[in-house]
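Chemist: Keeping their order, the protein sequence lines are chains A and B. Position 56 (the first sequence) corresponds to 56 in this note's numbering; numbering is contiguous. Position 258 (the second sequence) corresponds to 258 in this note's numbering; numbering is contiguous.
Don't read these hints as lab results, they were simulated from the structure. Hints may be right or wrong, so weigh each one.
[Said to hold, decoys possible] Keeping only pairs whose Cα atoms sit at most 27 Å apart, straight-line, the calculated DSS-like set for lysine-lysine is:
id: 1; chain 1: B; residue 1: K425; chain 2: B; residue 2: K409
id: 2; chain 1: A; residue 1: K28; chain 2: B; residue 2: K409
id: 3; chain 1: A; residue 1: K28; chain 2: B; residue 2: K425
id: 4; chain 1: B; residue 1: K166; chain 2: B; residue 2: K139
id: 5; chain 1: A; residue 1: K28; chain 2: B; residue 2: K166
[What the hints assert, rightly or not] From the structure, some residues in chain A lie toward chain B, with a derived Cβ separation under 7 Å:
id: 6; residue: E13
id: 7; residue: V20
id: 8; residue: M22
id: 9; residue: G24
id: 10; residue: P27
id: 11; residue: A29
id: 12; residue: P30
id: 13; residue: M33
id: 14; residue: P34
id: 15; residue: Q36
id: 16; residue: L38
Here the structure is a predicted model, which means the values were calculated and not measured. Backbone N, C-alpha and C define an ideal beta-carbon position, used for all residues, glycine too.
Now for the letters of each chain:
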Amino acid sequence: MTDLSDQAQFDIETRIAERVEMLGALPKAPLAMPLQRLEMPRRVGLLTMLMHLRPARTSRAGH
Amino acid sequence: MAAQGQDEGAVALTRTLSLTAAVAAACGGFLLFLQYGASDGLDIIDVLRSALIFASTFWLAWGAAQAIAGLTTRPPARPRTTGPITTRTAILVPVYNEDPVATFARIAAMEASLRRTGFGDLFHFAILSDTRDDRIAAKERHWFLRLLAETGAEGRMFYRRRQNNKGRKAGNIEDFIKTSGAAYPFAIILDADSLMEGETMVELVRRMESAPDLGLLQTLPVIIHAKSRFGRVMQFAGAFYSPIFARGLAMMQGKTGPFWGHNAIVRVRAFAESCGMPALSGKPPFGGHILSHDYVEAALLARAGWTVRVDDDIQGSYEEGPENIVDHAKRDRRWCQGNLQHSRLLLAPGLRMWSRFVFLQGILAYIAPVFWLAFLGASILAPLFAAPIDYFPIKDWPFPVLPVSQASKALGLAVGVVGLLFVPKLLIVLDAARSGRAAGFAGKARALQSTLVELVFSSITAPIFLMYQTRSVLQVLRGADGGWPAQTRGDGSLTLAQAWSASHWMVTNGVIGLGLANWFAPALVPWLLPVALPLVLAPVIISWSSRQSQSRLFLTPTERQPSAVINLQHLILTRWQGKETPVEPDLPGPAVMNA
């Protein structure tokens, strides 16, 4: 006997989604896909070093 | 091995000749313009303009060299079997907010076409949805059930929707491989608008089975179903010129061929081992997920020692294209960002030199229009920097020395540039007439007429594309991310108001450019008109070209005689579009459809 208080049975979209999940599920056959290296590790180049050069610190004299 | 050595020798020779010719043409353009500029005294603007001419001419000459290579070479014989195939292949259809009815009708047609080959059971379809719109996703589920019911392909046809679309299309494919990749030695990667004959897919598998070192085999998809004036011109250009350019490309690339993201078959193990795509450090547009992942995947397969090939002799591979200039520009904006992002990968470790060069070419394709625009801008401003003419350069000489006109050099350069653009296409007409290929385009006379009108059309629209591409490049350089807009498909006709809102800034730029030229360099105005007039008329051109085409020009072989899978798709789509309610609400139980 149909339980009319069970509203879920009238939710067509949910039923369709369940059916699609059941019929359309991809086969489980995992394959690893390791991440590739595309970028060089960041290294401080000569130009960068030159641009970051600051006058050497000197200790404060006096006082 | 001898044949392979011969192949590699031919590839090296084609590359060397093409590069030499392109560099020679660029040097010629540079020197001619330098002489022209130096006629009234050499200044920094002259040197800058000559350098811009060098870069732009190189790019044009490179394209022309590719066509010449395509016209003068023949593809090497490919090892292949003709017997039955044995390998199971997944057909991946990534979708992203597409019209499910049109997409699934293509899948139904391909499935039917595959069954006719007798190898249908070896091909499984995987619809990989990245759709974000829940209403479209609900339609996808409805139509998937109908697809299953109509094809009876349960167990060979799958649908899954990702919870998040991490990595966009590349991430979508990667997710499939991580879930199901081990079940399939090969995968044919399609786009939502792709269509392929069953025989073509079987042929792809045959070629993969015959060449164990082949990691990826790209087909040359032909544009179909174009309806608008713009769409049909593009469709004709794609069908008539592209096979020749693709053959030239194949001869230049050798084993380091291209991947255009769809209508290609991959060896799943090779792809999985080599193409795990990391996000780049930093923020978009230069950092983050790699947008034009296909070029990178081809480079990574080649880095791992796999052959990547484009076989231009494979027929029966189709796609649909944008129907108007604005949709084309939107797609181009995405490609522009993707190609400029490749600047981060030029020095990626271990890549083949040719892969780096391919990245550079992709970048140049978008930078070259900026060079042309910079050249025009510099030419308008050049008189401001020119030194006044000295009529008495020789001391104590009483008669004036009039400067010799160098206009013939500028004219020669202009003729050369136009020649690089037009001559390859005219040579393709001659080749088509000689080989009989023109018959598919309604005969020699109609093919010639179509080519001439296409040349006029592409000349008129070139400044509009130049402006769109320049804007895209500037947006990317400014750090603006174009995102991942869904593609507009179907009827793309635009009203004048819509065209105006997409191009009013071009009208402004065209008027300002002409005004400045008239002010600073009036002699330049006639030279600028071919560029400035299309800009001023951009809204009219965009709207007019988006309208339905009734012309008997631009006929293509598939338009005149659609192939079996195109007819099937049309039949299925027409029938499906006539049904408003695909699923009867009597679930659960077998999915009963209004067939």
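Chemist: A closest beta-carbon separation below 7 Å is what the hint needs, so does V20 (chain A) meet it against chain B?
Modeler: It holds, given that the least Cβ distance between V20 (chain A) and chain B is near 5 Å, below 7 Å.
Chemist: Would the hint on L38 (chain A) stand, with a C-beta cut-off of 7 Å toward chain B?
Modeler: The hint holds - L38 (chain A) has a Cβ within 7 Å of chain B, the shortest such distance being about 5 Å.
Chemist: Can we keep the M22 (chain A) interface hint, with Cβ of chain B closer than 7 Å?
Modeler: violated, 9 Å
Chemist: Going straight from one Cα to the other, do K28 (chain A) and K425 (chain B) come out at no more than 27 Å?
Modeler: With a Cα-Cα distance of about 50 Å, the restraint between K28 (chain A) and K425 (chain B) is violated, given a limit of 27 Å.
Chemist: For the pair supplied as a hint, K28 (chain A) and K409 (chain B), is the alpha-carbon distance within the 27 Å limit?
Modeler: The hint is violated at about 68 Å.
Chemist: Let's test the interface hint: is any C-beta of chain B closer than 7 Å to that of M33 (chain A)?
Modeler: For M33 (chain A), the interface hint holds, since the closest Cβ of chain B sits about 4 Å away, which is under 7 Å.
Chemist: Let me know if the C-beta of A29 (chain A) comes in closer than 7 Å to any C-beta of chain B, holds or violated.
Modeler: holds, 4 Å
Chemist: Using Cβ atoms only, decide whether Q36 (chain A) comes closer than 7 Å to chain B, and label the hint accordingly.
Modeler: holds, 5 Å
Chemist: Against chain B, is P30 (chain A) within 7 Å by beta-carbon distance?
Modeler: Given a least distance of 6 Å, the restraint on P30 (chain A) holds.
Chemist: Against chain B, is G24 (chain A) within 7 Å by beta-carbon distance?
Modeler: Where the cut-off is 7 Å and the nearest Cβ of chain B is about 4 Å from G24 (chain A), the hint holds.
Chemist: Just to be careful, I want the Cα atoms of K425 (chain B) and K409 (chain B) compared with a cutoff of 27 Å; is the pair within it?
Modeler: holds, 25 Å
Chemist: With a cut-off of 7 Å on the beta carbons, see whether P27 (chain A) makes it to chain B.
Modeler: Result: holds, 5 Å to nearest chain B Cβ.
Violated hints, in rising order: 2, 3, 8; the structure is consistent with all others.
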